[in-house]
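From first to last, the protein sequence lines stand for chains A and B. Counting in this note's numbering, the first sequence runs from 11 upward without gaps. Counting in this note's numbering, the second sequence runs from 71 upward without gaps.
Not one of these hints is a red herring.
Covered, in the sense of this in silico footprint (three residues per stretch, anywhere, with C-beta under 8 Å from a C-beta of chain A), are these stretches of chain B:
#: 1; segment: 455 to 464
#: 2; segment: 520 to 530
#: 3; segment: 549 to 555
#: 4; segment: 739 to 751
#: 5; segment: 758 to 765
#: 6; segment: 776 to 783
Keep in mind that the hints were calculated from the coordinates and are not lab data. By construction, the Cβ of each residue, glycine as well, lies at the ideal position given by its N, Cα and C atoms.
Read off the chains here:
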Amino acid sequence: MILHAFTSGFSQVGRSKRLIIFAWILNVALSFVVVVPLLNTLDGYIGDTVNEEELLQQISANWFATFQADHRAGDIAANIDLTIFGHAVFYHHTELFLGGAIVKRIGHFFSDLVFRFRVSTEHIDLLLMLTLLYDLLWIFLAGGFISLFARNQAGSISEFLSEGARYVGPFLRLSLLAVLIFFLLFIIVVDPITRLISSWTEREASELTPFVYYMIRNIWVALMLAFLSMSTDYAKIRIVVDDRSSALVAYGAGMWFALRHLSHTGGLYILLTLIGFILISLYAIAESQIPQSGYTTILLMFIIQQIYVVMRLCLKTGFFATQTNLYNAISRQEHASLARSG
Amino acid sequence: MPRSWITTAEYTLFILTLIALSAFIGLPPGDHIDLQESHTGDTAEKSPPDRSWEHYLVLPTQSERIANYRMDVRLDTQTNIISGWLILEWKNTTGRLQRDFPFHLYHNAWKNNRSTYAKESGWHLRRSAMTDDEYGYTNVKSVKLLDDVNEIDITPSFVYIQPDDGNKDDQTVFQVTTPRAIPPGAAARFKIDFETKQPLPISRTGVIRDYHFVAQWFPKIGVWWSGQWNCHQFHSNTEFFADYGVYDVTITLPARYVVGATGGFPEWERDNGDGTKTLNFHQADVHDFAWLASPHLVRTVRTFRHVEPDPGEPLDYHHPLKEVTVILLTQPHHDNTIERYFDATFKSLQYYGEWYGEYPYETVTVVDPANGSRSGGMEYPTLFTGGTTMFAPKEQPSPESVTVHEFGHQFWYGLIGNNEFEEAWLDEGFNSYSQARVMERAWKPFKIVQYFFGGDGAGTSVGIPYVFRDIDQQRYSTGNLQVRELGTYDVMARKGWEYYKTYSLNSYTKPAMSLMMLENYLGEETMYRIMRTYHHRYRYKHPTTQDFIRTVHEVTGKDMNWFFENTWFSSGLFDYSIDALENRRIPPPMGIFSHNDRSTDASISLSGRYESIVIVRRIGEAVAPVDVKIVFENGETVREEWDGQYRWKKYTYVRESPVKYAIVDPERKLVLDVNYNNNSRVAREGRFRSLAARKIASKWMFWVQNSLEFGSFWH
Chain A
11 MILHAFTSGF SQVGRSKRLI IFAWILNVAL SFVVVVPLLN TLDGYIGDTV
61 NEEELLQQIS ANWFATFQAD HRAGDIAANI DLTIFGHAVF YHHTELFLGG
111 AIVKRIGHFF SDLVFRFRVS TEHIDLLLML TLLYDLLWIF LAGGFISLFA
161 RNQAGSISEF LSEGARYVGP FLRLSLLAVL IFFLLFIIVV DPITRLISSW
211 TEREASELTP FVYYMIRNIW VALMLAFLSM STDYAKIRIV VDDRSSALVA
261 YGAGMWFALR HLSHTGGLYI LLTLIGFILI SLYAIAESQI PQSGYTTILL
311 MFIIQQIYVV MRLCLKTGFF ATQTNLYNAI SRQEHASLAR SG
Chain B
71 MPRSWITTAE YTLFILTLIA LSAFIGLPPG DHIDLQESHT GDTAEKSPPD
121 RSWEHYLVLP TQSERIANYR MDVRLDTQTN IISGWLILEW KNTTGRLQRD
171 FPFHLYHNAW KNNRSTYAKE SGWHLRRSAM TDDEYGYTNV KSVKLLDDVN
221 EIDITPSFVY IQPDDGNKDD QTVFQVTTPR AIPPGAAARF KIDFETKQPL
271 PISRTGVIRD YHFVAQWFPK IGVWWSGQWN CHQFHSNTEF FADYGVYDVT
321 ITLPARYVVG ATGGFPEWER DNGDGTKTLN FHQADVHDFA WLASPHLVRT
371 VRTFRHVEPD PGEPLDYHHP LKEVTVILLT QPHHDNTIER YFDATFKSLQ
421 YYGEWYGEYP YETVTVVDPA NGSRSGGMEY PTLFTGGTTM FAPKEQPSPE
471 SVTVHEFGHQ FWYGLIGNNE FEEAWLDEGF NSYSQARVME RAWKPFKIVQ
521 YFFGGDGAGT SVGIPYVFRD IDQQRYSTGN LQVRELGTYD VMARKGWEYY
571 KTYSLNSYTK PAMSLMMLEN YLGEETMYRI MRTYHHRYRY KHPTTQDFIR
621 TVHEVTGKDM NWFFENTWFS SGLFDYSIDA LENRRIPPPM GIFSHNDRST
671 DASISLSGRY ESIVIVRRIG EAVAPVDVKI VFENGETVRE EWDGQYRWKK
721 YTYVRESPVK YAIVDPERKL VLDVNYNNNS RVAREGRFRS LAARKIASKW
771 MFWVQNSLEF GSFWH
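Just chain B, same shape as in the assembly (with noise of 0.2 Å):
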C-alpha cells in the first residue's frame, strides 16, 4: 500500500475518530429558551422618589459622652507591658443609686487556658503551645474613687466576677463597690491602676516582633442597658459593648515608633530626650480606644473629598459629605496595595456617607496589619485593620473587601453602638448587608481566585494567584448552603454565646442576607428610608433588634412581623420549587355530550387547545410570598402571586400556546432560598440533552484526561 495513502488514512482515523467523540458533545439543539425575551421592558421614565421625609432627619450632633476615659500610659517594647492609669468619669443617667460597678479587664481571657474565652475554644487559646511569657493579662494594681478633694482607696472591694457561665476562673470582669452611692445625674470618677501585658497575638490584639497592636486593654466599665448592668465575660465569639465617651489617652513608647491610634493624629507630641517620647491622643463621641505601634510602619495621609455625582446618575443618594483625612498605616513590603486601600476607603466613606449620614469624625485611620499580627480585619471607633497580601491581583477583592467591611463598622458598631455580645447581627449583619452593596456599586464584578505552589506562612498563605475570568465572585456565593447545611441549628436572634455552630452564620450571612431580602420585598427606595432612619435615630445610641423592626413597621406603615418570624426569629429553610409543569393537549370531544336529548356544546371549543398545569411547592418551613413568572411558547407571560401558605399550589391554564416555562421567585427576591436549581423547570421537547452540560462534562473531561497524564509521570 502506498505510504500516502497509509498516511491520508491515519489522519482519516483521526478526524473520524475525533467526530465520533464530538457526538459526546450532541447534535446542534433546537430549543433553548430566550430568558430575555418575555422581560417586559419598563420603559417609562421613573419619576424622582419622594424624599421629603429626609428633611425631618437629624443626625445627632454627639453622644451622651456617659464613660470619659482620661489615661495616661507607657509602653516597655522588651517586656510588652503597659502600664500607667486611666481616670474615668461616669455619668450616672440610670435614673437609680448605683454603688457597684462591673467592669471588663479583656485582656484576661489571654491569660491562662481556664478563661470562658480558652474553655469556649477547646481548653486553648487558638495557638500551639505558648510559653508563659506569651500570655497577656491586665491587672489592675488599685482602684480609687475620687472625688474634688480625697481620694477613697476601694481596691479592697475589688472582685471578679462571672455573670454568664460561673467560671471561677475567669478573670475578665471584675467589680467594685463606691462606699456611697452616686445618684442619678451626678458622675463617679475612677482612678484606675493597671498594667496589661500584651499576648503573642490571639485575637485581634497582641505583640509579634515589633509589631503591638494594643485593642481591649484597659479596664473598661460596662453599660447600664434595660434596667441592669452589662457586662459579659470575654467569650471566644463574642465582640465588645461599651458606652461612648471622650477619650484623652497620652502613650509614651520609644521615638522610632510609628503610632496610629483612635483620634487620628496626636494633639501633641513630645521628645522626652531619652529615647522615648510622649503622644497625646483625644477623641470624643467614641466607645473604644485602639492604637498600635511599630518602627515599620509606612504613613500615607490623604484627604476624601465628596465627589459630586455624575448627571443621570441612578437613584440619586447624593447629600454633601465633609472632608475626612484618610491616614493609611501600611507594611514597608506592601507599597503596592496602598492605591487600593486608599480606593476603598474613600468609596466606602461616600457610599456609608451618602445612604446612611455622614461619617462626623475628623479622620479615620486604615490599618495594613502586620503578617501574623492576627489583628486584620477588625474594627475600633476611627480606625480599622485591612488585611491583604502582596501577590493579590486586582481581579481579587483583597484589600477591597475587607476595608470596606471593617470601615463600614465605623457606621454598625462605631455609631450605632449596639450590644455585640448578645446581638451581634446587628453589627455584623447590618455591616455585611452594606458591604456587598457598596462592592456591587463601586466596583465591576471580582473574579474568583485561587492560589497555588504555596503554602502556610509568614502568618498567612502564599502562592501564585490564578483568576478565574470567567467566573465572577457573587454576593453571598455560598451562604445559601451555608444556610441550608446549619441553618436550622439555631435561631438567628439569640446571645452570641449561644449558638451551636452558627455564629458567623447568625451574625453575619443569615441577617445579612435577609436584609437583601427584605430589600427586595420593599424596594431599594423604602430599604434607603429604612436604614437612613434607623442610623438617623440611633446614632450614639444602642439600639436593639426590636428598634430596627419597629423602624421598619413604622417606615413602611406595614405590619412586616412575617418576615422577621421567618428569618430573624426562625431555623426554619427557604426553598420554594416549581414541581411539575405539564402540557396536555385537550382531545376532541368524544362521548354524550347532551342531558335529556338536548346537546350541550360548552367544552367543544376547547378542542385543540392547551391545557397547562404548573405546580409550585414550598419545600422549606420557612413562609414568604413569593412571585411566579409562567411563559408560554407564544411569548404570552403570566405572574401569579403566590402567599406561599400552604405547601403548594396548581396554577393550570388553557390556551392555544403551551407553557414554555415557569420560574418561581424570577427575580430571586427570596435571597434565602437554599436551592435555586429547583426554582424552575422549562417544558423540554423530546429528550433534551442539556449544552450546559456538555460544556462541563467536557472541561471535566479534558481535567481527567490531564489528570491521567499527570499521573503516568511517575514511572
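Just chain A, same shape as in the assembly (with noise of 0.2 Å):
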C-alpha cells in the first residue's frame, strides 16, 4: 500500500510539474528580496579592491569576519553567517527547526502582544517575515495541490489557484493551530528537557554523556515533529477529501488517523525522509565536488542550487500527494471492509 500511494504519488507531481515550477518561482521571488540587497552591498564591498579575486580562490575567514563586523544590526548583510557556505545550511537549520526556533520567535512575538500588550520586534526581522509570507503563500497553495492529488487530476493553473482559494481558510485556522501546538511542545517540553540534560550532565565526567541525551532528544523532537506534521498534512487532507471544516476537529482527526494507521502513515513518512536525506546528500557530494573559483563552476553551483531547490519541491509535493493516495487507499479499504461486514 506504501509503494502504490508512494508511485502513484510521485506520478502525480510528475503531471504537475507547471505548479512545482510556479512554487519555485515563487521561492525564488521571495528570497531576491533578502539577496539582491546582499548583492548589492557585496558589489560594493568587494568590487574594486583585489579581494574580488582572492575570495573566488578562497573565502577567507578574516575576510568574512571583517565583512559581518562591518554589517551589523539593520542590515540584511547582518544575517549572513559561515553556514552559507559549504553544506552546512542543513546542519543548521535542521538545529534551528528541531529546537523551534521560527515557531518560537512567532510564539513568543504573539504571547507578549497579547498578554504584555507589547509590540517586540526583537523577535521579528526581514527573513522571519519573508518565512512567514512564504508560510502563507504555502497555506494557499497546499490547498490546490491536496484538492488536485485528491481528485487525481493535473489540473490547470486557473483550478489550483481556485482550489487553493477554496481550502485558505480551514487551512489558515490548522496552520495557527498547528503553530500554537509547536510552540507549547517546545516551551513546555523541549526547552526544560534541554535545560534539564545542561544540568544533570553538568558535572559528568565524559562528554558522552551529554552528547547521547541530546542526541535521544534530537530523535525524540524530530520523531515529535514528524508526527505532528503529519497529523497536520492528514488533516489537510480530510479537509479536503472529507469536506470538512473544522480545523480543531480535522487536526484531531488527522492525529487519529495517522495514529491508527502508524505503520503506513509512518512507514511512508520514513520514506520519503529518506529521499529527503539522499537528496541532501547528492548535493553534498556536488558541493564538494566543485571548485567554485571560476564563473562556469559558479553558475554550475548556482543551477544544481536551483535544482534541488525544485526537486525539493517536488519532495514537498510529494508528501501531499502520496498521503493523500494513502488516506485515500486506506479509506477505500476500510468503506469495503466495513461494507463487507455490514
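Starting from two chains that each stand alone, build the complex the way the hints lay out.
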C-alpha cells in the first residue's frame, strides 16, 4: 500500500510540473527580497578591491569576519554567517528546526502582544517576515495541491488557484493551531528537557553522556515533529477529501488517522524522509566536488542549487500526493471492509 | 494541444526561467586581474644567513634559586583538604636588610564573594550557587623562623595586607615580620604549617568528582623586584609571579590515585600499607609547583628525540636538543586524543627548542583535564594542561592549538619568568606569537569547525562537528576586529587588573600581532635573532618590557621606538587605505603654447598618455611606514615606500599604460591594520559586477531558499 501510494503520488507530482515551477518561482522571488540587497552590498564592498580575485580562489575567514563586523544591526548582511558555505546550511536549519527557533519567535511575538500588550520587534526581522509570507503562500498552495491530488487531476493553473482559495480559510486556522501546538511543545517540553540535560550532565566525567542525551532528545523531537507534521498533513487531506471545515476537528481526526495507521503513515513518512536525505547527500557531494572559483563553476553550482530546490519542492508536494493517496487507499479499504461486515 | 507539447513547454519554461535567473550570476566577467602576474619572483639563491652571533649566546645552566621549598602534605579526598607544612629557604639577594616578608595565599581568592577576585568578577566566583563546602581557602596555622638550633614563632606578626586595592576582605596576601633582619647574602628559613581546602573548580584549580587539580595551593613568598616587594593580591584577570628555586614536595594520598606533578616522575614512592601512598617530587629551577591526582587518569609515556632536519629545509634553525620524557595523563574516554597530544608536544619541543633554546628539564607532563575541572589550558613548570573533546575532527586544531600554546609557556612564563601581574603580554603575547608560528610551520592549515545538534554538558559543549573544508583557520582571524572594537580602550602596556575590557586583547592578541608585525618589518632572520638573544639572556630571570626593547635595539642596531610607541604604548589603530585611483588620458594640446611668439612644445609629447593618480590615506592614528604597490596595465610594477607620517600621500604617474590596481601594504606586514578591505583599489572597466559577490550571494540565496522551506514545515 505504501509503495503504491508512493508511486502513484509521485506520478501525480510528475504531472504537476508547472505548478511546482510556479512554487519554485515564488520561492525564488521571495528570496530575492533579501538576496538582491546583499548582492548590491557585496558588489560595493568587494568590487573595486583585489579581494575580488582572492575570494574567488578561497573564502577568507578574516575577510568574512570583517564583512560581518562592517554590517551589523539593521542590515540584511548582518544575517549571513559561515553556514552559507558548504552544506552547513542543512545542519544549521535542521538545528534551528529541532530547536523550534521560528515557531518560538512567532510564539513569543504573539504572547508578548496578547499578554503584555507589547510589540516585541526583537523577535521579528525581515527574514522571519518573509518566512511568514512564504508560509501563507503555502497555506494557499497546499489547498490547491491536495485538492488536485485528491481528484487525481493534472489541473490547470486557474483550477489550482481556485482550489487553493477554497481551502485557505480552514488551512489557515489549521496552521495557527499547528503553530500553537508546536510552540507549546517547545516551551513546555523540549526547552525544559534541554535545560535538564545541561544541568543533569554538568558534572559528568565524559562528554559522551550529554552527547547521547542530546542525540536522544533530537531524535525524540524529530519524531514528535514528524508526527505532528503528519497529523497536520492528514488533517488537511481530511478537510479536502471529507470536506470538513473545522480545523480543530480535522486536526484531531488527522492525528487519529496517523496514529491508527501508524505503520502505514509512519512508513510512508520515513520513506519520503529518506529521499530527502538522499537529495541532501547528493547536493553535498556535488557541492564538495565543484570548486567554485570561476564563472562556469559558480554558475554550475548555482544551477545545481536551484535544481535541488525544485527537487525539494517536488518532495514537498510528494508528501501531499502520496499521503493523499494513502489516505484514499486506507479509506477505501476501510469502507470495503465495513461494507463486507455490514 | 498534444500532451508531449505541454511537457516540452513545461521543461522549456523551467529551463528558460533558470537561464533568466542565471543572469543573476551575470555574464562572464572579462577584466579580472591576475594577482600573481606582477610578483617578481626572487629566484636568486639565498646565501645562508650569518649565524656566528649564536656562538656568543650561552644559556644559563641554573637559576639563582632564591625561593626553595620543601613540603610535606597529605590530601584528604573526603574533605578535599591538603594539610601539612613547608619549609621555605629564601636567599636575600636584595642587597639590603629584610624583615617584612609578604606571601601569596592565592586560594583565599575563592574563600568568599568579598575577595578582590570575586569583587572584580562582579561579587561572585564565576559559578552559580555554591555551598559553603564548595569554597576554598588556605589557612596558615603557624609561621616559624628557623635557624640552626631555634624555631622562633613569628605567627603573632602575621597580618593580611592589600597592597593593590585596600580591600580589607581580601586575604590573598599576608605578611610576617622577623624579629631580626635578614642581612644581604644570608638566607631566611620559614616553616609554615598550613591547610588548603580545594574549592569547586573556579580558576584552573579545584576538585570535581575525584579529580583534584592542585595549583596555587601553598603560601608563596613574593618577589623582591625593582627595589621593593612585588606581591600583588590575586585579581580576576591576572596570573602569577614568583622567584625560581628548588622544590622538594612529598605528597600522601589514597594509593589508587594516579598523580602528575611538576618534576614528572616521583623521586621515590612508598606504599604506607593503610590504603595510602606517599610520593616525593623534586624539581630545580622552577618558580611554582602544581600537581593533580585522580584514580582515572591514564598515563602514557614517550620520549622526545630531536629529528635531524631534512636536507634543503628552509631557513635552518637546527640546534641539537636533548631527549625529554613526555608524560601524558589523559581521561579514560579520550583514548583517541593520545596521538594528537604527543604529536603537538613533540612538535612544540622541537620548534620552541630550535628557535629559542633547549628545553632544560628532563620531563614535561601533559594533562588532559577532566571535564568541568576548569583546569584546561593552563601552564605550570614542567606540567601543563591541554583540553579537547572526543568529537574533535582532525581538521580542528584540538588539542593541537592549546597543547602548543600551553607547552610554549614553559618558555614564556616558565623559563622567562616575567611579572604576569604587571606585564602579562610578555608571556601570553610572546607565547601566542610563538604558538601561531609553530601552528603554521608544523601543520597544514586547519579548518573552521562548527558544532551542531548539541549543547552544554559535562562542563563543556558537545555536538556533531561540521568542517568547513573550504575555509582555513587563519592566524588572528578575528584579531583585527578585536583590535578595531576594543583597541582604543587601553594602552597595551598597563597592569593586568587596570584594563577596561581589554585584558585578553592586550595580553594575548595585540602583543602577538605586534610581534608578527615586527617580524614582518625586520625579517624572519632578524626576529629569530632577537627572540633567541632575549631568551638566552633572560632565562631564569624576570625581564621587563624595557629589557625586550633594549634587545631589539641592540640586535637590529636601529631605533625601533616608533614601532613600540605606535603599538605597545599607544591605543591608536592602524588603518591604511587606497583612497583613490584615477586614470586620465591626457588630451591633445589645445590653446596657445607660445611665449612672445616663440612656441613651447614641451608638453605635446604627453598626448595620448595616461596620467594616473593614486592617493594613499592613513585613516588610523597609529603610524607606520608602508609599502605601496602600483601595477600598470602593461604589467609594469612600481613600489613606493611611504613613511605614513602625514594623513595622505599622492602618487602621480604619466605612462603609456594606465594603472590597473594599487595596494597599500601588499605583503600585509601591518598585521594590526584593522581593515584590509580598503587596502586595495582596482581600476575596473565600466560597470564591473563582482563575481565573488555573486558567488557569496548565490550561497546566501540557497541558504534563504532553504530557510523558507524549513520555516514552512510546521503547518
